[in-house]
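Q: Using the hints, build the complex out of the two chains.
Going line by line, the protein sequences match chains A and B. Position 244, counted from 1, in the first sequence is what the working numbering calls 244; the numbers after and before it change by one each time, with no gaps. Here the working numbering = 1-based position in the second sequence + 1000.
For the record, the hints were derived by calculation from the structure and aren't laboratory data. All values reported here derive from a predicted model rather than from experimental measurement. Do not rely on the hints blindly, as some may be mistaken.
Here's a subset of chain B near chain A, in silico, CB distances under 8 angstroms, partners left out [stated by the list, open to error]:
(1) Tyr1164
(2) Gly1214
(3) Leu1215
Counterexamples of contact, computed for chain B against chain A with all Cβ distances above 12 angstroms [to be verified]:
(4) Leu1138
(5) Arg1139
(6) His1240
The beta carbon of each residue, even a glycine, is placed where N, CA and C say it ideally should be.
One-letter residues, chain by chain:
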Amino acid sequence: MSHTPRDPMGQPTPLSEPLERRRFLKGAAVVGAGVAAGAVGAEFLARHQDSQSSTVGTPVAPNGRPAFDPASFAPPGEARVAVLRHTSYDVGLESAVAQGLTAIGADVSGAHVLLKPNFVEFDALSAINTEPRLVAAAALAFRRMGAASVTVGEGPGHRRDTQFVMGSSGLSDVLAAIDVPFVDLNTDAVRPVRLRSSYTDLRELWLPDAVAKADIVVSMPKMKTHHWAGVTLSLKNCFGCVPGRVYGWPKNALHWAGLERSILDVAGAVRPDYAIVDGIVGMEGNGPISGTPISAGLLVFGDDPVATDVTAATLMGFDPEKIDYLREAGRFLGQGDRAKIRQVGEDPQTDMKDFAVLSPFLGMKA
Amino acid sequence: MKRTPDLGRTLRRAQAADGGFGPRPGAPAEPEPTALAAVALGDTAAADWLAAHQDEDGSVGIRLGPVWNDSATALASFALSDPQRQAALDHLAGGQGRATAESPIVPHDGSLRGWAWTSGTAGWVEPTSRALLALRALRPAAPQIADGVGYLRDRACIDGGWNYGNRSVYGEDLPSYAQTTAAAMLALRPEDGAVFEQGMAALGNLWRGERSGGLTLSMTLAAATAHGDPMAGAVADELHALFQATAFTGDTVALAWGTIATGPGLDVFFGGSP
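If we strip away everything but chain B, and leave its shape as in the complex, we get (with noise of 0.2 angstroms):
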């Protein structure tokens, strides 16, 4: 794999004197881009930055009144030590996004909760895919990975792949994107199946219409490249390309999935050990 190091050099402006990293540079420290960030670098100082910030019930988020987005927990799991990471799966093992009643308006399976950006909310594909990349990786017996496999495979496009959750509205079907499609491919895995077949040909439909966006071709090759998948080659080049004409607007979450794709951090997920 072809590797830029300048990817993790501009990342590492993001980071604050705290060691956190922001969702852009100057920006004070939040979960999300320091969970990746801490995973792409190998940066103990983030990792410090999320063990400080771990929540008594295990969970790494963002807060304000009634709202408490826990999402960036699974990828903070990979970054802390025992036993604040098993605090953190503690906490996806058993916050799950809220059962939906049956609609014919919105036919999903409500029954599958996936996992939810906000705490009390429903399951989404990217929250879902991150907590069974973690539990995966981290706690392979969850039982809790049959429902993220069973959410993934209900919400999928019509194409095999992914938006941010809903497949079909009023009797549309909607669209999948490549970003989403590449979250999800980074959970599943090839003893999954079809939605797995079908996910990653998805994927390599999708891609090359959305390569003018750095998250997508970021978390597009870390699929690729993890599932060992022939697209990966192209899509380094044209990362490289957009890295290079853009640095990606400076957006700290697809600098650190750049940087993961193309450097030791996927062996962090895939691997099991930071």
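Same shape as in the complex, but just chain A (with noise of 0.2 angstroms):
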């Protein structure tokens, strides 16, 4: 059946193709191997339940179709995460994030980067946002490793004020400090996007032009456990990616999508280029708003973000297998293997903090 892509007043208009950036462009002529991953995609749909929608319980798999377009994704390689010990974010920040990007080989020589941290929130006595300073020292490091420009943008998911977000977190001030502007990803110009996977049945995305221009997207979440999803993380930050003057506040339209699957099309739309979690001060149990915050002394940097996912899961004392999302995403997004990724800093076995969970995300710890 055809489908005639409208712009956002219901006119007809051609899509945007699904989006490119640098990195992507170099393995985008090994393609095949998700034949077979696409067919265990659709057994993950069917046993998948939604969080939130009425079809609890029910089966879903959208039409049928192959839950990715094998041609989009080449095969996941070897990936390179560190993890680094870093207790305080008032000493050593910028050297700690130089480290961390020198560690895992970060290239952004010439490159438009944009910094997606999470503002999904803000309440001064919690622990929900990525720590602005660490925004700052990474929007630094970035500009000392020649990249032609930093920007930082965040659509947040439950406030629509975004001017009261970043002010009160403090992210407006040292931001300016530095003269590195912000995007407000739920009031940028959008344009659509066709999605590369179809674990919803969403098929297109709005998506901000400040993602879709960016050369290098860096997801930038705090470490967290998450009361619908386990943990939330690189992948799950993505979210933020999407307006909320389409999508709504809370982005419920993903929800009712089911929460998991978007999260994977969402991401699979997104696709970070690299990942920086920062867990010096995470949040555990009824995450990701309203749990406790945790000092776990940990940043995590990666440039694949299926690996980075499953190393700071790790870290946090989950088995990232039994964490249906995240597994899903080592089949196609990035890589999942844990033999396969390539541990460069701190070993994530004997760095492991013990992140308290709800007790329906008991059975995904380790």
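A: Here it is in structure tokens:
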């Protein structure tokens, strides 16, 4: 059945092709290995259940299509992840970030870089957000590494007053001090982008120009538990790239489409190139909003978002194989096989922290 | 009320050549900023844009694939003239959010549907509030009004204010926000009783802590002014100071609410006719 893409006002318009950034163009010619994985994706869909929709318990396989376009995803290769011990936001952040990025071989020379931290919400007494000083340290590090430009972008998922979130959290001030621009991804111009995966029935997604135009997207999540998905790390953090003025506050259309399936489709569209996980202070328990701060004393850097999340989840005391969306992401979005993740920093097993979880997620722990 | 003519002038910068307003200056027009600007400025070109972009089902929204955000229809109904206005109100009356299953994790009354951001999903506080505002002003006999009031009563946080729409998850009481509390207070009325009184008290407690946001201050001022609450003066002072310092970062929706709160647009919402 044909489908005519339309602009925001319903007029027929050509869709933007799936986002291709430099890093992924390197592997674009390597195709074919995803066919079998697509079948596995169908299995995932068939047994997976929604967390918040009325279709709880109902097997869902949208249109019987393969879960992703194998031509769009090169088989995951070896990934590099660096775990650094760092216990303070007050001392040595810039050098720690530079060390981490160097360890994973980050290359941003001449690139327009978008940093996407997590500011879904703001509460001065909690640990919801990526620490603004870490965001600033990353911006400075990427500049020193030769980035053509560095921009910070976020589309808060719960609060629609982005000016309040950025001002109250301190992000506005730290970015102004180093002259780094901020883009509100909830109000940025948008373009329709064809999805490369079909875990949901969405088919296309409005994405902000700031995301579409960036050469390099760096996902910078907080290390947190999540009361619907188990953990929220660099893949789930991509939800903040989806504009609230189309999908709402919260971005409920994604939840109704299936939260974990949406994580796969959205992350598959955004495709972060690098990830920096803020685990100096993370959140355990009833995350991502109402949990308890936990001083994990860790920063995690990766050149592959799946490998980074697998490593971070391991550090949180989870068995990544038991996190459905993360295991599925390892089939097409990045490297999920721990044997193929080159750990160039601390050993995730020896630095593991036992993040407390709500009882429904005890089965995900290692 | 102190006027800030610059608010309206800044808002006009977001008007596109086709008469509509984008979410930021230079962006293509979209329904929500256009509807709010039409009310704020009494702009006929913006109203014409809304009429030209109204769907056959009466809605005005943003679509892509299966996602249809029709939540601006309520605001557009104030700017439209009959018969387009009636079509928009028909869409509101027939287009509530989905009922949800009972859940101990999110202990809401799932039978109260409210209004959703996107068609076919569950109701949330802000779209419910704007639908309630429109129906009460323009179709006061609509039976859906009771559901909307009930929805807001059910979703109120422990302090009487509102966040986006979850008051409790996994046994944790979630905090309310000034901006969404202001949205609800624009929809509720004194005759709603305790939910109104507690909501206005919560707004009075919340707004100072969130005064770094232009949208928050603008909607708070609109609600306080609409109900004659004495907090309006202090909120207005903060609004003008923040606008002078930041121009609300160019956010059209914040600018439009600020213009409404400080100008004749508020009478459109509460006087019943543009």
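Q: Looking at the structure, which of the earlier hints fail to hold?
A: none
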